[in-house]
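**Q** Residue-level listing of the chains:
2 protein chains.
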Amino acid sequence: MNVSSDHLRRIGLELLQAAGAGLQEAALVSENLVAAELRGVPTHGINLLPAILERIAAGQMDIPTQLKVIADELAITHIDGGNGFGQTAAAEGMRRSIEKARRYGIGFSLIRNTNNIGLLALYSLMAAKEGMVGVCACNGAASMAPWGGAEPFFGTNPFSIAVPGGAGDPVVLDMSTTVVARGKIRRAARLKERIPFGWALDASGAPTDDPEAAIQGTLMPVGEYKGYGMAFFIDLICGLLSGSSYARAVRTFHKPDGPTGVGVMTLAIDINRFMPLDHFSKLIDEHIRMIRGSTKARGQNRIYLPGEIEVEREDLNKTRGVEVDSPVVKAIDALLEKRGIGLRLGDGEVQA
Amino acid sequence: MNVSSDHLRRIGLELLQAAGAGLQEAALVSENLVAAELRGVPTHGINLLPAILERIAAGQMDIPTQLKVIADELAITHIDGGNGFGQTAAAEGMRRSIEKARRYGIGFSLIRNTNNIGLLALYSLMAAKEGMVGVCACNGAASMAPWGGAEPFFGTNPFSIAVPGGAGDPVVLDMSTTVVARGKIRRAARLKERIPFGWALDASGAPTDDPEAAIQGTLMPVGEYKGYGMAFFIDLICGLLSGSSYARAVRTFHKPDGPTGVGVMTLAIDINRFMPLDHFSKLIDEHIRMIRGSTKARGQNRIYLPGEIEVEREDLNKTRGVEVDSPVVKAIDALLEKRGIGLRLGDGEVQA
Chain C
11 MNVSSDHLRR IGLELLQAAG AGLQEAALVS ENLVAAELRG VPTHGINLLP
61 AILERIAAGQ MDIPTQLKVI ADELAITHID GGNGFGQTAA AEGMRRSIEK
111 ARRYGIGFSL IRNTNNIGLL ALYSLMAAKE GMVGVCACNG AASMAPWGGA
161 EPFFGTNPFS IAVPGGAGDP VVLDMSTTVV ARGKIRRAAR LKERIPFGWA
211 LDASGAPTDD PEAAIQGTLM PVGEYKGYGM AFFIDLICGL LSGSSYARAV
261 RTFHKPDGPT GVGVMTLAID INRFMPLDHF SKLIDEHIRM IRGSTKARGQ
311 NRIYLPGEIE VEREDLNKTR GVEVDSPVVK AIDALLEKRG IGLRLGDGEV
361 QA
Chain D
11 MNVSSDHLRR IGLELLQAAG AGLQEAALVS ENLVAAELRG VPTHGINLLP
61 AILERIAAGQ MDIPTQLKVI ADELAITHID GGNGFGQTAA AEGMRRSIEK
111 ARRYGIGFSL IRNTNNIGLL ALYSLMAAKE GMVGVCACNG AASMAPWGGA
161 EPFFGTNPFS IAVPGGAGDP VVLDMSTTVV ARGKIRRAAR LKERIPFGWA
211 LDASGAPTDD PEAAIQGTLM PVGEYKGYGM AFFIDLICGL LSGSSYARAV
261 RTFHKPDGPT GVGVMTLAID INRFMPLDHF SKLIDEHIRM IRGSTKARGQ
311 NRIYLPGEIE VEREDLNKTR GVEVDSPVVK AIDALLEKRG IGLRLGDGEV
361 QA
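The listed protein sequences correspond, in order, to chains C and D. Under this note's numbering, the letters of the first sequence match residues 11 to 362, in that order. Under this note's numbering, the letters of the second sequence match residues 11 to 362, in that order.
Note that these hints are calculated values from the structure, not bench results. Among these hints, one or two may not hold up.
Heads up, the list lumps identical chains together, so a pair's fine if it works in one copy or across two of them.
In silico lysine-lysine, DSS-like type, Cα no more than 30 Å apart, as pairs [said to hold, decoys possible]:
| hint | residue 1 | residue 2 |
| --- | --- | --- |
| 1 | 139 | 348 |
| 2 | 292 | 78 |
| 3 | 265 | 306 |
| 4 | 306 | 78 |
Can you make the complete structure from the sequences, with help from the hints?
**A** Below, the structure written as structure tokens:
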């Protein structure tokens, strides 16, 4: 079923408020989930709503989110996320990093004790929209083995970098340090599809195309030992150094086994300290033209910038609606009914 | 031939001084080249000496290096490398980043207009040795195509991250954003060896195992579009934002076609602002034990930390000497003779 993004946003807002979030927080989280759907990353989208509500109902997330600033010294901020919404914590971390960068040239925040932050690009883009370089990273529940290992140890530990795009959209990279994010494998399991070899190993360490076996096993790091190294350092900075959980101690968001203990970092660099922003804009416009104009590989007729496919999907999905899998439709409609909310996903269906 | 590292260092020192470097600068550069050899990265090692001397002789590098501070404001520094030694510029950038981090919690430097900086790990390790997280990245001559492209556009754009290792050695990741560094392909060409498929594409965009065809073609980004994205952002920050060359305008160090225009970034984060360093040390010691103790993949009996293989090679090479390929022996001995320096590589040979 294709559902309008406005309708999805409204459903998210209602469900999150019913679960105890204030209007502003519910809007932020709902916006992040719907943005993920619009950008074609449904694994970070509204399929998370049932997990969020289950977690709150089980008393394993403290909503509304109460952030606590542990340290705010010159160019750095250290925040305790109060086991609340990761979206609230990450947005506040980036807001402060931007403020620090405006003053000191660079700003850095570490956040401990929070939960799933959804789509990372939204935080790095906050900085890009302020004329800055933005970086965001977080750790997550164990799913990748150290290179040479067979046991889940590191999360998919994603990171995102964004810069203003001159006359065009900002350019943004948002990647996990595994070959694919775990959500893609969970989605394949939900849809009873096979996965390509090279995405994951089974529990014995052998390559597999069975998503269920992959969930029991480990995800392949991107570029083998390189992805392992990146995941290691993201875990170390976001988890260990922030005072949050790290390595095997980070719990999955998808089962209510207790607070996840996710850690997050946000960083902003003020472009203006190095070059006037309008000059940067001119250079990047020209740079983008050069990339697009460079020789294509055989069979390719276009070169995409990092994040460009997501922006195009967003434009498309804004008009044609967001495709929602039927298991997700069922789960969310059941939640709406249970909470006595008079909305159903189908009310916002967009006809092809 | 296996040569003692002390002897290599002395040869580097003599040749670099003969080419116009002061004692301190010659020692720094020589140390970096020999460290690369010791750590098993000969592509960043003393085979660079002939290229360095040729470049200086051709008047395309300005030695001794004269750095110029363009901006030094609160937590950031902007440096012009004066088209000198990259090693001198990167070390100064990191020295200043560390100083800033001590004061502001985080410090960031951008360097424009410099050259090859050698082994990046040595700069990130400077921060680790001061109880900080250290990050270093640089751009380089075009060798990777944008994903979907067939034309060299980005460099291998490597980066390095290091942290103090508690009771043990610091942990350090040092990786290019291509599947392999270009030096490995040049080395295969020099030794007339084939390369594995998956390292590179030929000029038409087809996979190749011929190092000469690969040199004419492009290097594969690590993790496909992910490596392209990382290379893009490293080029943008180190090159474009620093005011240095970027994209196709960066020239290779291996032919004296004019200043390379390499750009560099260094970043340091003071661990003490987030957690007492001795507590961090305890946590990381335990973390390392957990990684090492985690389940091995079938056929593996050990899990290595990022950078650990390099440290073991360093220990080994310190006693058995550094293996130097015969074309490199010939080239360096010829330089020593030409400069009237009474040393030869063979004088420092270590017998097995």
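**Q** Taking the hints in turn, state whether each one holds.
**A** Hints versus structure:
In this homomeric assembly, residue 139 and residue 348 never come within 30 Å of each other (Cα to Cα): the closest approach is 39 Å inside a single copy and 57 Å across copies. Taking identical chains as interchangeable, the C-alpha atoms of residue 292 and residue 78 lie at most 30 Å apart only when they sit on different chains, with a minimum of 26 Å there against 40 Å within one chain. For the identical chains of this complex, residue 265 and residue 306 are inter-copy neighbours only, at 27 Å across copies versus 45 Å inside a copy, given an alpha-carbon limit of 30 Å. For the homomeric pair residue 306 and residue 78, neither the shortest alpha-carbon distance inside one copy (50 Å) nor that between copies (40 Å) is at most 30 Å.
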